[in-house]
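Please build the complex by placing chain B on the supplied structure of chain A, with the hints as guidance.
2 protein chains.
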Amino acid sequence: MKISSATIENHLDTVYDAIVVGGGMGGLSAAIYLARYGLKCLVIEKGKGRSIWMQDTRNFLGFDPTTPGRDILNHGTKQAIAWGADHLRAFVETVTDEGDTFAVKVKIGKKNSQFYTLRSKYLIAASGVIDVLPELEDMQNVYDYAGYTLHVCMICDGYDMWDQKAVLIVQREAQINAAFVLNWFTPYISVLTHGLCEVGDEMRQKLADHGYPLYESPIVRFHGEDHKMQGIELADGTQIEATTGLINMGSIYHNQYLKGIEGLTWEGENLVTNTMCQTSHDRLFALGDLKQGLNQVSVAVADGTLAATQIWRYIRRASPPRKWQENLPKATTAA
Amino acid sequence: MKISSATIENHLDTVYDAIVVGGGMGGLSAAIYLARYGLKCLVIEKGKGRSIWMQDTRNFLGFDPTTPGRDILNHGTKQAIAWGADHLRAFVETVTDEGDTFAVKVKIGKKNSQFYTLRSKYLIAASGVIDVLPELEDMQNVYDYAGYTLHVCMICDGYDMWDQKAVLIVQREAQINAAFVLNWFTPYISVLTHGLCEVGDEMRQKLADHGYPLYESPIVRFHGEDHKMQGIELADGTQIEATTGLINMGSIYHNQYLKGIEGLTWEGENLVTNTMCQTSHDRLFALGDLKQGLNQVSVAVADGTLAATQIWRYIRRASPPRKWQENLPKATTAA
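One line per chain: the protein sequences are A and B, in this order. Residues in the first sequence are numbered from 531 upward in steps of one, following my numbering. Residues in the second sequence are numbered from 531 upward in steps of one, following my numbering.
Looking at chain A on its own, in the form it has when it is part of the complex (with noise of 0.2 Å):
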């Protein structure tokens, strides 16, 4: 069911056999698993996740690529509350390992928050990431495009970049390298580092060898209409042709909930996990963007399915089996 803060005072005694931080693709996958080997669990979605921000979803089997993320969204969240997963709307603050438990304090609201102390056994780690966008005096100008033709993944959308004027869109140095990537999609490649780095002369080489222009001027504006880019404006007035882009800015993982809980195994801001997406830590498993390896939907999806899989392996095994009839013959044979 969904909780909110009118009702969640009625959940504070439960102890969830798993509390899912994150509604995005790989927690609601969690979720729907979970509910449906008849294990308590509560899905806490803080808003505003990764997929949201998809425009469409071209690679993920049975759905047309015109599909918006939040439609998936919507509609696993429906159907997972429908299975019997709890649903909350909140940010979680901090996680603490209690040894059986995890304590997982949640604040409800941003103005006059609430905040409240959640309880489970295990917990998956579903929070994702979020892509860095450059920083313009009007956002809104960069919203129009991004998820759009201004993409923040080639894995996803390298494709839809073919051939065209691109435009790659970096804040650090290393970053520039997905360049000698991306020009497997398309060789028009112009670099724009929106006034945020040096870059040395190795890397100038590099550019220089393959033919792509480095501009080191910060991005004033992206021009075009129907969230179709055509250019870009710079500072310094010069003006770049482009009608698609790649966003390679880096990530923001919403990991820090996890940063105190002792026995996690990091690798950068990643957790490494094993083939169930179990972290080092027993009862702890990370899902998706936050584990190492690809950052797609359907990695997501299998993620949760593994980790709700494995939990209920845990819990099925400590519990005491169900009987039937209790007074059969030794031996049984057909009559």
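For identical chains, the list gives no copy identity; a pair is met inside one copy or between any two copies.
Taking lysine-lysine pairs in the BS3-like style, the calculated list, with each CA pair at most 25 Å apart, reads: (1) LYS853 / LYS736; (2) LYS570 / LYS695; (3) LYS853 / LYS695; (4) LYS578 / LYS532; (5) LYS789 / LYS640; (6) LYS641 / LYS578; (7) LYS532 / LYS651; (8) LYS637 / LYS578; (9) LYS570 / LYS853.
It should be emphasised that the hints constitute simulated quantities derived from the structure, not laboratory data.
Chain B alone, transformed into the frame defined by chain A:
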């Protein structure tokens, strides 16, 4: 495009980047990704795969629970072809490793069969498994219930058996152990061997301890209507009341064409793969039910993503970079 015996001659000189054996959930996902990476790929589908028997899809994010597997397969086939994949209805007879390529010998048509050889750099084995069903004189009687109320996958459908009277149908003694997992969902379990195996004293005692009756006479008929089971009649005249069932008689693996290829690592009939679904043979990938791991649609779909992406990486890294402007100055600066 769709390829048929009428047009296949035009494709015999093609060296595909990848041939995907099996147009099920995993194979189609791989084809969608391969096509969107701009790679030449061919899906070879024999028909009658496992997921075409799925009458509903209750745990795959974003789908209505009543979605039949065949709808997803039909949609995915069209989608893969629309992105540029080739698709052939045929049976893969043999695959020969030629060093740089695989030669895939296919049979088209069950009568007056024609044989052709197609070639690819990489092979994706996505041919899956099919469940063994109990053989009755009237197989239509089995098909009337299988995939509806008579299930083949506990992880998929255990929820839908909740606290119902259930039969567990096996053909080997070890398969009876599923009863001690199925009892998570329902304790009202009758075990049926369909007259196919002996059951030792230890297992009989374990069943008796749980109160699960054992029936060793062959099944004659499933009773019910509108795909809803009501009971089972055995050859010895016994009538068993049951509204649901789990068939756990093992799987037939569609992997014969792989048995002659050197360098593969098998665990039983499953291929051992790494995190990108790559087998121990560098150019051969395995997806879904054919590899180790959970036999779930979501997993197969993610597997397709992973295998296609790794193949793209290999092919991209082996390709010369695409350049743009040849005569940029050594150090480019903003105007």
